[in-house]
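S.K.: Sequence:
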Amino acid sequence: MTTAASAHCSFTVAAHFNENSSNFASKFDASSFYFNSNGEFQKISLHSSPASKICSKGYVGRLRALPEEGDTFSEKLPTPILDTIETPLHLKNLSHKELKQLGDDIRSELSFIRNETQKSVKASMSVVELTIAIHRVFSAPMDKILWDVGEQTYAHKILTGRRSAMRMLRQKNGISGYTCRSESEFDPFGAAHGCNSISAGLGMAVARDLKGKRERIVAVISNETIMAGQLYEAMSNAGYLDSDMIVILNDSRQSLHPKLEVPKTPINALSSAFSKLQSSKLFRKFREAAKGMTKRIGKGTYEWAAKVDEYARGMLGPLGSTLFEELGLYYIGPVDGHNIEDLICVLDQVASLDSTGPVLVHVITNEDKEVKIEKRIGVSNKYKEDPYDSGPQPSRRSQTYSDRFAEALIMEAQLDKDIMVVHAGNGMEPSLRLFQEKFPDRLFDVGMAEQHAVTFSAGLSCGGLKPFCIIPSTYLQRAYDQVVHDVDRQKIPVRFVIPSAGLVGSDGPINCGAFDITFMSCLPNMIVMAPSDEVELANMVATASCIDDRPVCFRYPRGAIVKSNSSICHGVPIEIGKGRILVEGKEIALLGYGAMVQNCLRAQSLLSELGIEVTVADARFCKPLDIKLVRQLCDNHSFLITVEEGSIGGFGSHVAQFITLDGKLDGSIKWRPIVLPDNYVEHASPMEQLALAGLTGHHIAATALSLLGRTREALLLMC
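Note that the working numbering gives residue 346 to position 352 of the sequence shown, counting from 1, and the numbers run on in steps of one.
Treat the hints with caution; some may be incorrect.
[As the list claims (entries may be wrong)] Each computed EDC-like pair below joins lysine to aspartate or glutamate, with the alpha-carbon atoms no more than 20 Å apart:
| hint | residue 1 | residue 2 |
| --- | --- | --- |
| 1 | Lys664 | Glu578 |
| 2 | Lys166 | Glu569 |
| 3 | Lys86 | Glu335 |
[Unchecked claim] FRET-style restraints, in silico, Cβ to Cβ:
| hint | residue 1 | residue 2 | range |
| --- | --- | --- | --- |
| 4 | Ser89 | Met136 | 20 to 26 Å |
| 5 | Ile621 | Lys485 | 38 to 44 Å |
| 6 | Pro618 | Arg208 | 38 to 44 Å |
| 7 | Gly351 | Pro424 | 30 to 36 Å |
| 8 | Leu235 | Pro618 | 47 to 53 Å |
| 9 | Leu409 | Leu576 | 43 to 49 Å |
| 10 | Glu569 | Ser176 | 44 to 50 Å |
| 11 | Asn360 | Gly206 | 38 to 44 Å |
| 12 | Pro618 | Met136 | 32 to 38 Å |
| 13 | Ser679 | Leu604 | 24 to 30 Å |
| 14 | Leu576 | Met136 | 57 to 63 Å |
| 15 | Gly458 | Gly206 | 57 to 63 Å |
| 16 | Gln95 | Asn167 | 29 to 35 Å |
Derived from the structure by calculation, the hints contain no laboratory data. Beta carbons are placed, not taken as given, at the ideal position from N, Cα and C, and that holds for glycine.
Please build the complete structure, drawing on both the sequences and the hints.
M.R.: What follows is the structure, encoded as structure tokens:
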């Protein structure tokens, strides 16, 4: 960087920095600093990215991403029909033959996007025809189309004006991998963790009726979300309120248990004809007339006729279809999800009905459809997809924290037959399948039923077993009431394992684990800890296994382990509430929690090069806090900096509470917290997110330098 650029850098950053401010890093936390095309160091707010500017002025639907000089493109097959589609309105004039070709074009486009971005598109591949049929029949954005699963919406995004922006899918300043209200007017509600579309859709339907409007509400659910209790609560309420809305069940015939043979719902000429009959206006009018006639005859006759109707439709329909009828939804199906004509026919008839109440259309799709299509159209499949991993699959994948956790848990389970695993959330990680193979009767995957998972684990514990309840941080939020009342209040020893803690890269704020330190550490009986590396992770697995008088939790990040060449060894239990000092220094102490200990060590290395020796300590425990260690750090240093990859109110707040009550802040010690910023960190690469959040080693080192009054060096370090 030139002298002029350096001077400009210092001036620009200094304009945003007050030497008397409490925390240098906080000036960087809420913003990202970057060099522009002129070599100038500039500040850009998290909320002033190109994507957010688009959102504030209009919608991404109006965005046309232009290639920049130096961009490279993979080979792309022609997509003549798709090239003519700018909005869903253009689908109205296409013939069925052209719609089929459009389906092939979209699959070709999705394959191109996958090869460009290395992101999984398998879920969207299976719903291409369904997406086309929905937009052909309904008139978005006036009609509201809601999706439960973000990964199924890529075809929807392509058809709603975001095709050119898909090359930046899940990348910094690019579009989200989920539906997003601020991204497009075609996204009426955000698809986050699933199971919310019927609840939100029902609310929209009731609001529509009260305001006298006529838009149609369509909610698309899937196999993944159908495990969630909220979905059934919403369907039951929809049946009771009897508001007009359409629920589409995308049944890809997937099971939580790979070895379980899923009953194959028949899709043939008879089922197709029956679905069309069920959705026809004539059949519905005849059915309503028969209901009215039996009501006039008498209550007994009406109830008898209703049972006959239910049993007859249940016999002709697939297994389980009467469940939806019992909840109050009129069932139609099954429909072939890859037959454009049948889909349009059924949806057209359903859309034309007035005052029908809630209707469920059962659509059968095939996730393997993409393979056949790719072979036919000649798309290269250089990227092999894993349904449980949205990232690329290198030939020699790095070992992750989840891998080491599974290995450590297997070692413990071999010694203790009472250890059980309960898993909840969206898709079990591949590393846990090794545990499942070794102990098939000791792992319970309940899917997106987190509340059940917590209370079920409490029951296992009451029965004398040792459950490890594995729920990713962002999903554990759903089950917090159960954690409080069914576990912590009763001091039941459930061992909560919290993967994907902290920032999660391209999944952005949807799957970010920002809040678990805060909401778990405020519980009176909970032991809260976090490993700084994979060795400590194994030790904490062993520690949790030994605790049998109260609940315990520990978190670990998504991503590769620290010591890639470290050997796998059996964990050693840690003394509860005992931290450790890793590097001895003076003047400044860096007290890290969890994965941020590694960034503290990076900061120590940077400062050491400047002749500054700082202390680095690994807290290990947020609760109970190692008060002896904290006192030692306060007594021997002038400054204490706590660092965590969590929200305000977490580890740093516990340290502040103690040193305040202990009178340490009345003396010479000065405390500075470094935490996640008080906003949602949008999708980007993991390193970009850490920079946006102000949690890199450079940010920590700059904070230390500013406390020592060496502001210019701090500014240069950030440059």
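S.K.: For every hint, state whether the structure bears it out.
M.R.: We went through each hint and held it up to the structure:
1. Using a Cα cut-off of 20 Å, the hinted pair Lys664 and Glu578 holds, with the two alpha carbons roughly 19 Å apart.
2. For the proposed pair Lys166 and Glu569, the alpha carbon gap of about 42 Å is over 20 Å, so the pair is violated.
3. Of the pairs offered as hints, the one joining Lys86 and Glu335 holds, with about 14 Å between alpha carbons and a cut-off of 20 Å not exceeded.
4. A beta carbon spacing of about 24 Å between Ser89 and Met136 agrees with the range 20 to 26 Å that was offered as a hint.
5. A hinted range of 38 to 44 Å for the beta carbons of Ile621 and Lys485 is inconsistent with their spacing of about 22 Å.
6. Checked against the hint of 38 to 44 Å, the pair Pro618 and Arg208 fails, with Cβ atoms roughly 60 Å apart.
7. A hinted range of 30 to 36 Å for the beta carbons of Gly351 and Pro424 is inconsistent with their spacing of about 43 Å.
8. A C-beta distance of roughly 49 Å is found between Leu235 and Pro618, which places it inside the suggested range of 47 to 53 Å.
9. Taken as a hint, the range 43 to 49 Å is violated for the pair Leu409 and Leu576, whose Cβ atoms sit roughly 29 Å apart.
10. For Glu569 and Ser176, the hinted distance range of 44 to 50 Å is satisfied, since their beta carbons lie about 48 Å from each other.
11. Between Asn360 and Gly206 the beta carbon distance is about 42 Å. The supplied range of 38 to 44 Å therefore holds.
12. A C-beta distance of roughly 57 Å is found between Pro618 and Met136, which places it outside the suggested range of 32 to 38 Å.
13. As the Cβ distance of Ser679 to Leu604 is approximately 28 Å, the hint placing it in 24 to 30 Å holds.
14. Against the hinted window of 57 to 63 Å, the Cβ-Cβ separation of Leu576 and Met136 comes to about 60 Å, which satisfies the hint.
15. In this structure the supplied range 57 to 63 Å holds for Gly458 paired with Gly206, their Cβ-Cβ distance being about 60 Å.
16. Under the hint 29 to 35 Å, the C-beta atoms of Gln95 and Asn167, about 33 Å apart, fit the expected range.
In the structure shown, a violation is registered for the earlier hints numbered 2, 5, 6, 7, 9 and 12, in ascending order.
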